[in-house]
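Protein chains: 2
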Amino acid sequence: MAVKIKNTPCQLCLSRKFSMFAGLSEQHLCSLSDSKNFISHKKGQILFYENTKPLGIFCINEGVVKVFKTASNGKEQIIRLAKKGDFLGYTSLIGEDVYSTTATIVEDAQICFVPKETFLNVLAEDMNFHTRITQALCKDLGIMESKLTDATQKSIRERLALTLLKLGDSYGVDGGEKQKIDITLTREEIAGLVGTATETVIRLLSEFKKDSLIDLQGKKIIILDKKGLARLSDFYG
Amino acid sequence: MAVKIKNTPCQLCLSRKFSMFAGLSEQHLCSLSDSKNFISHKKGQILFYENTKPLGIFCINEGVVKVFKTASNGKEQIIRLAKKGDFLGYTSLIGEDVYSTTATIVEDAQICFVPKETFLNVLAEDMNFHTRITQALCKDLGIMESKLTDATQKSIRERLALTLLKLGDSYGVDGGEKQKIDITLTREEIAGLVGTATETVIRLLSEFKKDSLIDLQGKKIIILDKKGLARLSDFYG
DNA sequence: TCAAAAACATGACAACAATCATCATTCTCA
DNA sequence: TGAGAATGATGATTGTTGTCATGTTTTTGA
Numbered sequence: 001m002a003v004k005i006k007n008t009p010c011q012l013c014l015s016r017k018f019s020m021f022a023g024l025s026e027q028h029l030c031s032l033s034d035s036k037n038f039i040s041h042k043k044g045q046i047l048f049y050e051n052t053k054p055l056g057i058f059c060i061n062e063g064v065v066k067v068f069k070t071a072s073n074g075k076e077q078i079i080r081l082a083k084k085g086d087f088l089g090y091t092s093l094i095g096e097d098v099y100s101t102t103a104t105i106v107e108d109a110q111i112c113f114v115p116k117e118t119f120l121n122v123l124a125e126d127m128n129f130h131t132r133i134t135q136a137l138c139k140d141l142g143i144m145e146s147k148l149t150d151a152t153q154k155s156i157r158e159r160l161a162l163t164l165l166k167l168g169d170s171y172g173v174d175g176g177e178k179q180k181i182d183i184t185l186t187r188e189e190i191a192g193l194v195g196t197a198t199e200t201v202i203r204l205l206s207e208f209k210k211d212s213l214i215d216l217q218g219k220k221i222i223i224l225d226k227k228g229l230a231r232l233s234d235f236y237g
Numbered sequence: 001m002a003v004k005i006k007n008t009p010c011q012l013c014l015s016r017k018f019s020m021f022a023g024l025s026e027q028h029l030c031s032l033s034d035s036k037n038f039i040s041h042k043k044g045q046i047l048f049y050e051n052t053k054p055l056g057i058f059c060i061n062e063g064v065v066k067v068f069k070t071a072s073n074g075k076e077q078i079i080r081l082a083k084k085g086d087f088l089g090y091t092s093l094i095g096e097d098v099y100s101t102t103a104t105i106v107e108d109a110q111i112c113f114v115p116k117e118t119f120l121n122v123l124a125e126d127m128n129f130h131t132r133i134t135q136a137l138c139k140d141l142g143i144m145e146s147k148l149t150d151a152t153q154k155s156i157r158e159r160l161a162l163t164l165l166k167l168g169d170s171y172g173v174d175g176g177e178k179q180k181i182d183i184t185l186t187r188e189e190i191a192g193l194v195g196t197a198t199e200t201v202i203r204l205l206s207e208f209k210k211d212s213l214i215d216l217q218g219k220k221i222i223i224l225d226k227k228g229l230a231r232l233s234d235f236y237g
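Protein sequence lines, in the order shown, are assigned to chains A and B.
Counting from 1, one number per residue, gives the positions in the first sequence under the numbering used here.
Counting from 1, one number per residue, gives the positions in the second sequence under the numbering used here.
Hints may contain errors.
Copies of the same chain look alike in the list, so a pair counts if it fits in one copy or across any two.
Quick list of in silico lysine to any residue cross-link-like pairs, SDA-like style, CA-CA up to 25 Å [to be verified]:
# : residue 1 : residue 2
1 : K53       : D234
2 : K139      : S19
3 : K139      : S72
4 : K116      : F129
5 : K226      : N73
These are calculated hints, taken from the structure and not from any lab test.
Using the sequences and the hints, build the whole thing.
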């Protein structure tokens, strides 16, 4: 269950320093510290549900959260995986809308909840912060445009290869050609990232392994041939 | 060819009043008027290319513009159709990035170009405008999340039905059950919107016609059975 | 206005990927 | 720790959709 354990002041928070909250004034940091709520979450717990009203934003201090939409066929399309330093739920809050997605914990997480009023106040008062948010939104839109294009124009094999490379970028240990993707995702979740059926992911991963593009170490995936995957992800056939 | 014909002051511009530039101060409107460039564009002309640097933003006064990405297979994925009152290119400008898309004229257009400096200056000085931009970005992100989910989880038939309904919302005349989509798009462009092959669109449109869901009047599509299309777009089968 | 180009239409075919079914393996917690 | 659940794996089958080919209709511009 979700447990509130401590309340480190935001001033001392390490993950904040790599987040969009870096550069806030002392006054705003105090305001955040006073109103925030630090909560530990276990894998599988739900942060918020699609179509409910946002009451604040979530700042990830540690852990991984999947943000997804549930399609009319019941399958989950994962929009993104959020990790340390990422914010969740602010688009719905700013857009004055209900959550467009559901967010659940993928790897045990420590997350701060910042109430709506505090966040919107900082947004209104700190012009630089507002600009950082706006820029992040613009970048995210560009990413979504690419994702949409990939989704409609690439084959599943290409998209899976691309997904593995992106996971390598975000969660890879060892920078070189060989790279361990250090995050535990089920085949179903990978399917949700790619936008395909679980069986298809399983089959393609077996194929990639047979072709020495990847290796499977328990639940984790090792990228063996980054260039090979890149080649596979870029072209048709 | 693109022709500069006149330079109506922004203060008097009707399409501005329904755009995000509504509510600007007299001073900022003057600044816009002084620096903008009003240009007529013919169908097929290109406003900007993917991967080039933005020098300003485009405000559509009249006409329709398609904004698309070119996939690695050469096909165009249309991200959105922009019309009167819409802005183009500001996400790349604000995000300090190259254009993520190409924009070309679909229906003869009259478009104002506002140079980077002017736009960024208004953005920096008018807090309310900045907020409107940020809110629009948040809404757009929500739309893209839905599009991505539809792209991966719905069949082409469903997506085409959905696309027709959306086109009806944006370009439909006659509000009722029967609705003429008053925009000229080629089958290839509809395919680009849906994210499929041109032949598939042609086949499905024939099928929809046979099923009395739509009618084809020259190049234009008449929606005959909105409920039928909605049913088709929501569920699997 | 007429020839060339573009757009539309349809058929045949192949391939990709979803679904269903079955079974093995791993994980979880009572 | 052991039973049940969840996850992973694989085969068989089917349907959808993309591709290629061909022909018709419409549009465009010299």
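Hints and how they fare:
Taking the closest pair of Cα atoms, K53 and D234 come within 25 Å of each other only across two copies (24 Å); inside a single copy the shortest separation is 39 Å, beyond that limit. Taking the closest pair of Cα atoms, K139 and S19 come within 25 Å of each other both inside a single copy (15 Å) and across two copies (22 Å). Taking the closest pair of Cα atoms, K139 and S72 come within 25 Å of each other only across two copies (21 Å); inside a single copy the shortest separation is 28 Å, beyond that limit. In this assembly of identical chains, the alpha carbons of K116 and F129 lie at most 25 Å apart whether taken from the same copy (16 Å) or from different copies (21 Å).
Proximity of K226 and N73 under a CA criterion of 25 Å is satisfied inter-copy only: 21 Å between copies versus 33 Å inside one chain copy.
In this structure, none of the earlier numbered hints is contradicted; all agree with it.
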